[in-house]
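Visitor: Sequence:
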Amino acid sequence: MIAGVDVGNATTEVVVVKDGVPVAWDRVLTRGPKGGPASLRGAAALVDRLERETGERVEEVVLAPLRPVSTATLALPAAAPDTGRLRVVAAASPTPAGEGVAVGRPLLPGDQTPGDAAPGDKTPGDKTPGDTAPGDAAVVALVPRAMGYERAAAWVRTLLAAGVRVAGVLAEGDEARLIGNRIGAPLPVVDQVDLSALADAELVAVEVRPPGRPLAKLSDALFLKAAFPGSAPGEEAHAQAVCRELYDVSNAVVARLRTAAPPPEPAPEPPEATLERAVLDLDALAASVHARPRAVRRRSLLLATLEHEDEAPAADAEEVFRRPVRRAPSEAGAARRGALTTPGAPPGALVIDLGGGTVDVIGAPRHAGGDGISPDQLRAEAVAAGAGDLLTAAVAAVVGVPRGAAEWIKRGPCVRVENPHLAVGEDGTRTFLGAAAPPASVGSLAAPGPAGLLAFSQVMSPAEWRVLRRAIKAEVLGGTVRRALAALPGPLPPAAVVVGGPAGDDEVLAVLAHELPEGIALGRGDVAGALGHRYAVAYGLAVLPRSR
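Residue numbers (the UniProt record's numbering): 1 to 548.
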């Protein structure tokens, strides 16, 4: 028997064949750097285990070149918008009360009300010649958490009875509805507001719309300009920056401060994507599919870089494996040989090997025949950074979950848990669950996980997550394949086979079909008709003919 051993950067795969037929196979996480002593010992232990399972001796091990590829995924925070003196203090509170829009100066318990001002005194909301602020005689009541809803409602009722124009209420706690039901007036009330953010505020605007309806006023830059009079030249742009954060939310609080914060540092231009570097701008991607601002948890810039390192020495490979070791000339050649054992794959098919850090696109090798063909053209292979690891990082950032959970969430369609026994799919299909979902998952999106449904978001609809997920895959997997294909010489063959770990993604064929010319037959690998989409390199090594 012969064992093909593929020591990868993330996983080590072994296929044992007898007379060219696979009889045992498995994979483990790679120990240490690819090609290092620990990685070889891990591979040898896997070969020994498969040998024990088959009950026959593995006579030879075939290894691919142990050249590590160092990949890293970095997240760079998105630049903060320049909003000048304007601040979004709160948005999308889950439990507002009332309805409407209000503008006024902030009023804490114990503060001087407009009617209490002595003759000649000037309060922040008093009108001066030329001012036409809609909220110049109104106040927005601020309720500290310690006050409690009953005292807060009594205080607001007292203000109203005294003729004070209370335009709205902001509560630090989560008691908006309790307060709103007790003040006896249809005022907009927003809770879970950080009142300390209003310490320097001269005017506050609050709007509450019916659930699911977007803001009508605070997302209007011209309304903000009129609501906050006395704007300096250039503050229209600040108002628009605020509005951009408030599209698609149904309640919000915006304040104008007395002093503007220093403008944020300008965002650096994102680097250009190359074969060695994948660049994913989550902010631009979310904007391209009109994702709701509050649905995307992080809008950072993700980079995946690729560095080829010196090949690890393998002089002691036979000592580690305790049997003869043969070195294959090319890992790409082995991947191609293994992938083309997929039933239905023509001999000249293109092979797309999706890994954790890189994508390898391998065409049929060209034979030297003059005509100025370079060695690179003869190789017909391109390696590009940006694959499964970058996709996982992007999903984790957008949804706001750990990468371990993102590994499951990214794989395919989700459902929304309507109740412990019913879920609705992205296409509207209603499914009765075989096992009751945890009560905490009701109202959440969920994906198949290692122990049942894995809940991950309560702010997106299934259709919304589908659009965003497919856009991420198109940008990561599709974009990397696109860059690799551009570096591949010659015309593309009429068929392509996709192998590697990410090839098991439910949507990978649909994503990659958009990157290939129309008419190319695209399929998922089934190595040797039995091993599935993995093990292409390992099987290709195991059946590698001996050089003569």
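Just so you know, these hints were derived from the structure itself, not from any lab.
Just so we're clear, the structure is a prediction, and the values are computed from it rather than from any experiment.
Each residue gets a CB set at the ideal place from its N, CA and C atoms; glycine is no exception.
Hints are supplied without guarantee of correctness; some may be wrong.
[Unchecked claim] Estimated spans, in silico, between C-beta atoms of each pair: (1) N181 <-> G449: 13 to 23 Å; (2) P270 <-> K18: 47 to 57 Å; (3) G443 <-> A364: 21 to 31 Å; (4) S461 <-> D26: 37 to 47 Å.
[Unchecked claim] Think about it this way: if two alpha-carbon atoms lie no more than 20 Å apart in a straight line, the pair counts; the simulated SDA-like pairs of lysine to any residue are: (5) K18 <-> A440; (6) K18 <-> G32; (7) K225 <-> Q240; (8) K225 <-> E235; (9) K225 <-> A237; (10) K18 <-> P324; (11) K18 <-> D526; (12) K18 <-> D48; (13) K225 <-> Y247; (14) K18 <-> G428; (15) K225 <-> P186; (16) K18 <-> L488; (17) K225 <-> E236; (18) K225 <-> V88; (19) K225 <-> P324; (20) K18 <-> V325.
Visitor: Assuming the hint says 47 to 57 Å, is it satisfied by the Cβ distance from P270 to K18 or not?
Guide: The hint (47 to 57 Å, Cβ to Cβ) holds, given that P270 and K18 are roughly 52 Å apart.
Visitor: Taking only the CA atoms, is the gap from K18 to V325 under or equal to 20 Å?
Guide: 17 Å, holds
Visitor: Going straight from one Cα to the other, do K225 and Y247 come out at no more than 20 Å?
Guide: 17 Å, holds
Visitor: Against the range 37 to 47 Å, how does the distance between the Cβ atoms of S461 and D26 compare: consistent or not?
Guide: 40 Å, holds
Visitor: Between K225 and E236, does the CA-CA distance stay at or below 20 Å?
Guide: 7 Å, holds
Visitor: Is the straight-line distance between the alpha-carbon of K225 and that of E235 20 Å or less?
Guide: 8 Å, holds
Visitor: Would the hint linking K225 and V88 be met if the CA-CA limit is 20 Å?
Guide: Holds. K225 to V88 sits at ~15 Å (cutoff 20 Å).
Visitor: Are the Cα positions of K18 and D48 separated by 20 Å at most?
Guide: Between K18 and D48 the Cα gap is close to 16 Å, so the pair holds against 20 Å.
Visitor: Mind checking the alpha carbons of K18 and L488 for me, to see if they're no more than 20 Å apart?
Guide: 35 Å, violated
Visitor: Hey, K18 versus G32, does the alpha-carbon distance stay inside 20 Å?
Guide: 30 Å, violated
Visitor: Can you confirm whether the C-alpha distance between K18 and P324 stays at or below 20 Å?
Guide: The hint holds at about 16 Å.
Visitor: Are the Cα atoms of K225 and Q240 separated by 20 Å or less?
Guide: Since the Cα atoms of K225 and Q240 sit roughly 10 Å apart, the hinted pair holds (cutoff 20 Å).
Going through the hint list in order, the structure does not satisfy hints 1, 3, 5, 6, 14, 15, 16 and 19.
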